[in-house]
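Enquirer: For the sequence shown, counting from 1, position 48 maps to 50 in my numbering; every step adds exactly one.
Because the hints were derived from the structure by calculation, they are not lab data. We treat Cβ as the ideally placed atom computed from N, Cα and C, and that holds for glycine. Please note that the accuracy of each hint is not assured.
To be verified - Computed cross-link-like contacts, DSS-like style, restricted to lysine-lysine with a CA-CA straight-line distance of at most 30 Å:
no., residue 1, residue 2
1, LYS33, LYS5
2, LYS120, LYS48
3, LYS13, LYS103
To be verified - Here are the in silico distance ranges between beta carbons for each label pair:
no., residue 1, residue 2, range
4, LYS103, SER15, 34 to 42 Å
5, ILE26, LYS65, 13 to 21 Å
6, TYR30, SER119, 16 to 24 Å
7, TYR30, LYS125, 13 to 21 Å
8, LEU78, GLU54, 19 to 27 Å
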Amino acid sequence: MRKCKLVDNYKMSREVYQKRRKVINLLYEAKRSGVKFDRIEVRIGKPANPREDSELLGVATMKGKEMWIVESALELGNDWLRLVVFHELGHALFGLEHDEKCPLMKATHNTTQPAISKEDCVKHLLKYQDR
Numbered sequence: 003m004r005k006c007k008l009v010d011n012y013k014m015s016r017e018v019y020q021k022r023r024k025v026i027n028l029l030y031e032a033k034r035s036g037v038k039f040d041r042i043e044v045r046i047g048k049p050a051n052p053r054e055d056s057e058l059l060g061v062a063t064m065k066g067k068e069m070w071i072v073e074s075a076l077e078l079g080n081d082w083l084r085l086v087v088f089h090e091l092g093h094a095l096f097g098l099e100h101d102e103k104c105p106l107m108k109a110t111h112n113t114t115q116p117a118i119s120k121e122d123c124v125k126h127l128l129k130y131q132d133r
């Protein structure tokens, strides 16, 4: 897995593994919901430039099957983490650009509001898969 300019990877430890496992569990959830993919590389880290990227929650390579999830996304709770992971899946699997008309693929999200539901995350991701 490559390094990401926007995220500094954490070294693997028991704590990092547990955080990574939460993301992987959501990837399995997407798969069980009908999203088709083989493998996604996952890393956990922190923003490389915290002053500039204080709201960064995740990054993915376009159609590269790699994603980096920022630790602060894990602290937002499972619903927000699902939205972040499924959003990054949109980039990693389908090469999707941000789309302000789509609640899943918007460039920014207001994390003080409730995240969209699991069903809506799945619906929007499958909509792009079926293109």
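Enquirer: Give a verdict on every hint.
Expert: Verification of the hints:
The suggested pairing of LYS33 with LYS5 holds, with an alpha-carbon distance near 26 Å, which does not exceed 30 Å. For the hint linking LYS120 to LYS48, the alpha-carbon distance of about 25 Å falls within 30 Å, and the restraint holds. A threshold of 30 Å between alpha carbons decides the hint, and for LYS13 with LYS103 the separation of about 37 Å lies outside it, so the pair is violated. A C-beta distance of roughly 40 Å is found between LYS103 and SER15, which places it inside the suggested range of 34 to 42 Å.
For ILE26 and LYS65, the hinted distance range of 13 to 21 Å is satisfied, since their beta carbons lie about 20 Å from each other. In this structure the hint that TYR30 and SER119 lie 16 to 24 Å apart at CB holds, the actual value being about 18 Å. Separation of TYR30 from LYS125 is about 18 Å and conforms to the stated range, judged on CB atoms against 13 to 21 Å. Against the hinted window of 19 to 27 Å, the Cβ-Cβ separation of LEU78 and GLU54 comes to about 20 Å, which satisfies the hint.
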